[in-house]
Amino acid sequence: MALTDTQIERYSRHIILKEVGAKGQKKLLNAKVLIIGAGGLGAPAAMYLAAAGVGTIGIVDADDVELSNLQRQIIHSTEDVGKPKVKSAKETMERMNPDVKVNTYHMFVDASNIRELIREYDFIIDGTDNFPAKFLINDACVLEKKPFSHAGIIRFQGQLMTYVPGEGPCYRCVFQDPPPKDAVPTCKQAGVIGAMGGVIGSLQAMEAVKYIIGKGDLLTGYLLTFDALKMEFRKVKLPSNTHNCAVCGDHPTITEPIDYELNVCEDKI
Amino acid sequence: MDEIKFDEQVDITDKVCPMTFVKAKVSIDELEDGEVLAIRMNDGEPVQNVPRSMKEEGHKILKLTDNEDGTYTLYVRKVEE
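Line by line, the protein sequences give chains A and B.
Note that the working numbering has the first sequence beginning at 1, numbered continuously upward.
Note that the working numbering has the second sequence beginning at 1001, numbered continuously upward.
Read the hints as simulated data drawn from the structure, not as lab findings.
Check before you lean on any hint, since a few could be wrong.
Unchecked claim - Mimicking BS3-like on lysine-lysine, the simulated pairs with C-alpha atoms at most 30 angstroms apart in a straight line are:
#	chain 1	residue 1	chain 2	residue 2
1	B	K1055	B	K1015
2	A	K87	A	K210
3	A	K23	B	K1005
4	A	K101	A	K18
5	A	K23	B	K1063
6	A	K18	B	K1055
7	A	K27	B	K1015
8	A	K18	A	K32
9	A	K32	A	K83
10	A	K145	A	K210
11	A	K27	A	K215
12	A	K210	A	K27
13	A	K18	B	K1060
14	A	K18	B	K1063
15	A	K23	B	K1055
16	B	K1055	A	K210
17	A	K18	B	K1015
18	A	K188	A	K230
19	A	K18	B	K1005
20	B	K1005	A	K26
21	B	K1060	A	K27
22	A	K27	A	K145
23	A	K26	A	K215
24	B	K1060	A	K26
25	A	K26	B	K1015
What the hints assert, rightly or not - With beta-carbon atoms standing in for the labels, derived distance ranges:
#	chain 1	residue 1	chain 2	residue 2	range
26	A	D250	B	E1080	35 to 41 angstroms
27	A	K235	B	G1058	26 to 32 angstroms
28	A	K32	B	E1035	27 to 33 angstroms
29	A	P239	B	E1008	49 to 55 angstroms
None of these values were measured; they are calculated from a predicted model.
All C-beta atoms in this analysis are idealised placements derived from N, C-alpha and C, irrespective of residue type, glycine included.
Taking the hints into account, I'd like the entire structure generated from these sequences.
Written as structure tokens, this is what we have:
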């Protein structure tokens, strides 16, 4: 499939790049990325991926847009309050770029639906804000052999890592189990600076693009942390031994995704 | 003067920078390693920049001929990474 004149112009700043070119742009147009959570992280990730011409973008979220979301969830506007987030996100992405097909999933992911959901996508972005969802996504991606970008943001801090099957530790290798309920506040309780979603969500989009075009080094085996108050990025090397991991280790005890109990105060992004 | 044999040709006289290079690059990306692209371009900025950009991409510049109508034709051999 050749690029049209319109596409050549739209993606010219990609095509100029030696690492992308027409071939890389075609890979993007043929790629399928699933974004779980249309919130602080998912909003900028979805917008950059739509602008980049990722041909199929799936977006999952059960919630409606609330006024308190708009300080950071830039894919939604004031008139979208009350609308399902996936609908609002789809409308924004389609306005940005008609090359993109947006699949919406107006639901929560859980152990019963996640494996089937991620199966048809090439790369998964975890834009959720709670530990049960993060472990669920990790385990499902390990079991389905899907690469994914994990990220989390709170207050003035953010972090992300990338899992690619067979190329380094998974999220559970590093964090083992969800923390006890109430041990860690959610960003609903703790607050989060709006631009943090922009920084970290854009980095997740960057990882997805690099994975699709097959260039550069991904954050596999590393956790990148960002402290906005100190304006410090740290790239922390993660343990390379994954043998004892309960899901991706040599003798896994987890063979199906698990629904951990959600803290009642927690709220999806 | 020997004519250079080429496999594909593209006319970028309808474009300005940076779309001149973008259009040429999309054409050369479609070729196989070792094939030759003939690029027709306007005198001036394109002649200054397109051959240099093609060289920076790792391709081999074979010849630049003056068409004596205000345009030039650049012959480039594709070098796959």
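Here is how each hint holds up against the structure:
Distance hint between K1055 of chain B and K1015 of chain B is fulfilled; the C-alpha atoms sit about 20 angstroms from each other, no more than 30 angstroms. The hinted pair formed by K87 of chain A and K210 of chain A meets the criterion: a straight-line CA distance of about 27 angstroms does not exceed 30 angstroms. For a cut-off of 30 angstroms, the pair hint linking K23 of chain A to K1005 of chain B stands: about 25 angstroms separates their Cα positions. Distance restraint check for K101 of chain A and K18 of chain A: the Cα-Cα separation of roughly 27 angstroms lies within the 30 angstroms cut-off, and the hinted pair is therefore satisfied.
As the CA atoms of K23 of chain A and K1063 of chain B are separated by approximately 26 angstroms, the hinted pair is consistent with the 30 angstroms bound. With a C-alpha separation of about 12 angstroms, the suggested pair K18 of chain A and K1055 of chain B falls inside the 30 angstroms cut-off, and the hint holds. Among the hinted pairs, K27 of chain A with K1015 of chain B is consistent with the structure: their alpha-carbon atoms are about 25 angstroms apart, no more than 30 angstroms. As the CA atoms of K18 of chain A and K32 of chain A are separated by approximately 23 angstroms, the hinted pair is consistent with the 30 angstroms bound.
Restraint check for K32 of chain A and K83 of chain A: the C-alpha separation of about 25 angstroms stays at or below 30 angstroms, so the hint holds. Between K145 of chain A and K210 of chain A the alpha-carbon distance is near 18 angstroms, which keeps this suggested pair within the 30 angstroms criterion. Taking the CA atoms of K27 of chain A and K215 of chain A, the gap is about 12 angstroms. The hint holds against a cut of 30 angstroms. The straight-line distance between the Cα atoms of K210 of chain A and K27 of chain A is roughly 11 angstroms, inside the 30 angstroms bound, and the hint therefore holds.
Pair hint K18 of chain A plus K1060 of chain B holds up; C-alpha atoms about 15 angstroms apart against a cutoff of 30 angstroms. For the hint pairing K18 of chain A with K1063 of chain B, the CA-to-CA distance comes to about 22 angstroms; that is within 30 angstroms, so the pair holds. Note on K23 of chain A and K1055 of chain B: the hinted pairing holds, with a Cα-Cα distance of about 18 angstroms set against a maximum of 30 angstroms. With a C-alpha separation of about 24 angstroms, the suggested pair K1055 of chain B and K210 of chain A falls inside the 30 angstroms cut-off, and the hint holds.
Of the pairs offered as hints, the one joining K18 of chain A and K1015 of chain B holds, with about 20 angstroms between alpha carbons and a cut-off of 30 angstroms not exceeded. Our distance criterion of 30 angstroms between C-alpha atoms is met by K188 of chain A and K230 of chain A, whose separation comes to about 23 angstroms. The straight-line distance between the Cα atoms of K18 of chain A and K1005 of chain B is roughly 26 angstroms, inside the 30 angstroms bound, and the hint therefore holds. At roughly 29 angstroms between alpha-carbon atoms, K1005 of chain B and K26 of chain A fall within 30 angstroms of each other, so this suggested pair holds.
A C-alpha spacing of about 26 angstroms is found between K1060 of chain B and K27 of chain A, which places the hinted pair at or below 30 angstroms, so the restraint holds. A threshold of 30 angstroms between alpha carbons decides the hint, and for K27 of chain A with K145 of chain A the separation of about 20 angstroms falls inside it, so the pair holds. Proposed proximity of K26 of chain A and K215 of chain A is supported: the alpha carbons are some 14 angstroms apart, at most 30 angstroms. As the CA atoms of K1060 of chain B and K26 of chain A are separated by approximately 24 angstroms, the hinted pair is consistent with the 30 angstroms bound.
For the suggested pair K26 of chain A and K1015 of chain B, the alpha carbons sit about 22 angstroms apart, so the restraint of at most 30 angstroms is met. Taking 35 to 41 angstroms as the suggested C-beta distance range, the pair D250 of chain A and E1080 of chain B conforms, at roughly 40 angstroms. Remark: the range hint 26 to 32 angstroms for K235 of chain A to G1058 of chain B is upheld by a beta-carbon distance near 30 angstroms. The beta-carbon spacing between K32 of chain A and E1035 of chain B, approximately 32 angstroms, falls within the hinted interval of 27 to 33 angstroms.
For P239 of chain A paired with E1008 of chain B, a C-beta distance near 51 angstroms keeps the hint of 49 to 55 angstroms intact.
Comparing the model with each earlier hint shows no violations; every hint is respected.
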